[in-house]
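There are 2 protein chains.
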Amino acid sequence: MELMVNRERLMGRMMEMAQLGALPNGGVKRLAASDEDKLGRDLFVKWCAELGFSVHIDEMGSIFARKEGTRPDLPAVMAGSHLDSQPSGGKYDGVLGVLAALEVVQVIKENNIEHERTIYIVSWTNEEGARFAPAMVASGVFGGAFTLEYGLSRTDAAGLKLGEELKRIGYKGTLPADYGRRMKYLKAKQSENGGFSSYKAYVELHIEQGPILESARETVGVVTGVQGIRWYDIEIVGSETHAGPSPMNMRNDPVRKLGDLIPEIYALAKAAGADARATIGELHAFPGSRNTVPGNVRFTVDLRHPDDKSLESMHNMLTRLCERIGADCNEIWYSPPVRFDFGCVEALAKSCKKRGFPSRKMVSGAGHDAVYVSKVIPTAMIFIPCRDGISHNEAEHAEPDDIVNGATVLLDAVCDLANAEI
Amino acid sequence: MELMVNRERLMGRMMEMAQLGALPNGGVKRLAASDEDKLGRDLFVKWCAELGFSVHIDEMGSIFARKEGTRPDLPAVMAGSHLDSQPSGGKYDGVLGVLAALEVVQVIKENNIEHERTIYIVSWTNEEGARFAPAMVASGVFGGAFTLEYGLSRTDAAGLKLGEELKRIGYKGTLPADYGRRMKYLKAKQSENGGFSSYKAYVELHIEQGPILESARETVGVVTGVQGIRWYDIEIVGSETHAGPSPMNMRNDPVRKLGDLIPEIYALAKAAGADARATIGELHAFPGSRNTVPGNVRFTVDLRHPDDKSLESMHNMLTRLCERIGADCNEIWYSPPVRFDFGCVEALAKSCKKRGFPSRKMVSGAGHDAVYVSKVIPTAMIFIPCRDGISHNEAEHAEPDDIVNGATVLLDAVCDLANAEI
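As given, the protein sequences belong to chains X and W, one line each in that order. Quick note: the first sequence, position 65, residue 65 per the working numbering, numbers continuous. Quick note: the second sequence, position 26, residue 448 per the working numbering, numbers continuous.
Think of the hints as simulated: they come from the structure by calculation, not from any bench. It is possible that some hints are incorrect.
Unchecked claim - With beta-carbon atoms standing in for the labels, derived distance ranges:
1) X:Gly26 x W:Asp655: 53 to 61 Å
2) X:Arg339 x W:Asp750: 40 to 48 Å
3) W:Lys731 x X:Val237: 51 to 59 Å
4) W:Met672 x X:Ala395: 12 to 20 Å
5) X:Pro134 x W:Gly448: 46 to 54 Å
6) X:Pro287 x W:Asp823: 31 to 39 Å
7) X:Pro134 x W:Asp457: 51 to 59 Å
8) W:Pro822 x X:Gly326: 30 to 38 Å
9) X:Val237 x W:Met433: 31 to 39 Å
10) W:Tyr607 x X:Val237: 53 to 61 Å
11) X:Trp333 x W:Arg746: 54 to 62 Å
Predicted, not measured: the structure shown is a model, and the values here were computed from it. Cβ coordinates follow ideal geometry from the N, Cα and C atoms, glycine included.
Working from the sequences, and respecting the hints, build out all of it.
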């Protein structure tokens with residue numbers, strides 16, 4: 001008999017969690033280290049404690065609930081996501097990954113499934129970055145992208161520090177938050193904790209926050225990596241002129257150059273294949289008077305590709321286009337593509353196949369805690385569809401069938417990984 | 423011997439006038455009906471009075487200085503422009519046309535040139551529209567575009583009415599300001615004013631405020647008319663989406679449509695010939711976040727053409743393009759082209775030829791008092807080059823040689839028109 005997750009219990013917990021910081025239109029506001037976040041953390045910790053899992057808080061306030069395996073000396077398996085939300089966020093973003101992991105471990109416990117490796121359920125602090133920028137700050141400290149000091153000193157709009165706010169809500173723990181010090185700490189405590197010293201795998205279930213699965217009528221996405229991202233500020237400088245007297249051929253009109261450039265930017269994305277993305281998100285002409293030829297046009301470009309070589313070739317094409325047209329192209333951020341672990345990805349794919357779920361391998365277009373965690377632990381992600389691809393919005397919705405299927409894949413993968421050879 | 427304008431006197435008066443409301447960088451601030459405008463008017467009136475010309479102020483504050491002809495019963499000739507300026511305007515815009523007209527009539531007087539028709543030098547109130555919108559309000563009342571009540575009730579940013587401000591500076595006259603009532607009034611006074619009852623011609627000398635003459639190294643432009651103008655607000659609505667997850671072919675990206683539309687807008691202007699103008703002056707993408715595909719793009723289009731049929735065909739092409747692309751195109755203003763009087767234009771062209779001035783016939787891209795005056799009086803304009811086409815700017819500059827040449831053409835034309843048969 002195949003293991004099944006408990007739909008009512010999982011959905012019940014999702015809806016109970018959504019009451020904390022509930023907004024009028026079905027969404028939630030549970031900003032990191034806020035009073036509402038404390039309520040959400042307390043409820044999660046209570047559920048974990050009721051099941052007899054020990055709960056550990058690290059220096060960044062991330063919560064780790066532990067179910068010991070039969071071979072606690074082996075590297076552990078971890079699953080989870082985050083409980084914080086956007087200011088007007090949905091009920092599923094993050095919460096799904098944490099509560100599905102809880103459900104998975106509860107099913108394992110109820111069914112007395114033997115697992116050699118210890119299993120952790122994790123909730124990372126401040127994934128959203130909505131109250132404290134940047135996003136994914138705790139998993140970033142864990143994965144080595146940020147120092148602990150940097151993470152704790154992040155301030156919100158009122159000038160409050162994340163570290164102080166974690167203390168205030170009672171979630172400033174002592175477990176070392178960064179992977180390096182965590183490993184040393186665990187090694188030093190090996191005798192006390194049955195020999196546990198490192199992590200074998202991290203799996204995160206999340207809503208897709210995009211339209212691909214829904215439009216393909218697939219229930220699960222096996223996420224093999226995350227797109228690389230390059231951000232640009234571009235300015236085309238022309239000459240401000242009265243809209244009447246200047247003949248067209250005597251103008252230096254930056255909007256005309258923009259009109260030449262825009263189709264080329266979409267063309268370079270097309271040339272880089274179906275996985276490429278190009279977005280012009282900000283676009284303004286200055287000074288902005290209807291009877292004046294603008295003196296300059298400023299816009300942003302966001303280029304994404306899962307393959308770094310392809311992303312680089314997009315970058316080169318954009319740079320050349322801007323040069324040719326005389327635009328000033330300034331790259332302001334570069335986040336290389338992430339490739340998830342082959343073993344973790346295969347564990348997920350195996351479950352989809354076994355369960356007969358319509359699924360696909362895909363690349364995430366957005367950042368997740370899994371990106372930073374993957375720097376230090378073999379990692380993969382599971383996506384499920386969300387309605388119209390909408391997220392960071394009170395209207396965010398995921399179907400219970402898809403939630404159950406996603407959690408089922410997580411269940412299979414955790415069972416699989418918790419017993420696998422190193 | 424050919425008549426000559428007095429360069430030193432004309433330039434001297436230009437520079438003396440530029441002291442009133444002078445700005446630190448060589449420009450002037452002489453907003454309509456301000457204290458500085460009063461000083462400028464007083465100086466102009468003083469110069470006129472010194473020459474023995476009678477001065478008449480109309481209900482809109484416009485100033486008419488009169489040199490009677492030998493046949494005052496014939497319709498009169500009028501030349502002039504305006505003395506008000508932009509908040510940081512130049513020394514030449516408007517002032518040139520008024521003071522050149524004064525110079526012309528002074529040369530006629532000094533040389534005892536016989537002229538049958540009475541000659542008027544005019545300075546129109548509030549051409550700029552900088553303090554009281556709309557622009558060209560007094561010539562607009564004269565030409566029938568606005569009612570007197572509308573003109574007098576224009577308010578500035580402080581809520582002050584143009585009519586009250588004219589009263590305050592002592593320039594609220596009694597001469598009927600609109601052409602219809604003016605004609606009745608003059609007819610009623612025929613016996614008193616030697617039979618004068620109407621106007622034969624209006625000629626206005628102005629800087630080009632564009633680059634055409636300068637780049638062609640021509641000294642005079644004979645202005646045959648003013649471009650027609652059509653203004654549009656255009657919106658392209660798409661779907662706001664995260665820049666990462668959505669594949670390019672599943673997006674409804676309004677910037678992509680904009681990129682298709684912009685080159686077509688320039689192409690439609692090109693198709694309408696060298697006199698056509700198309701300007702995209704305001705352009706914004708919303709909500710304006712670098713990692714979000716914009717939900718909508720809004721921009722303005724300003725189409726101009728001296729020929730109404732061509733302008734209409736540009737309008738039709740723009741409308742079709744917007745329809746095809748699904749953009750919402752809203753026309754918000756339409757000002758038909760103006761064609762100046764053939765006889766007046768020929769008088770100017772004759773002078774250019776006689777004097778051997780490098781010149782061309784051209785169409786004005788900007789509005790001038792002459793536009794409204796031309797509705798009721800046969801009208802033409804003379805342009806002279808201004809450096810880099812720059813105007814409405816303290817850096818505005820015109821060369822004395824060009825100023826003298828422009829004034830010379832005005833002189834010839836006024837002499838010519840003041841003796842011509844009806």
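Under the constraints set out in the numbered hints, which ones does this structure not fulfil?
Those not satisfied are hints 1, 3, 11.
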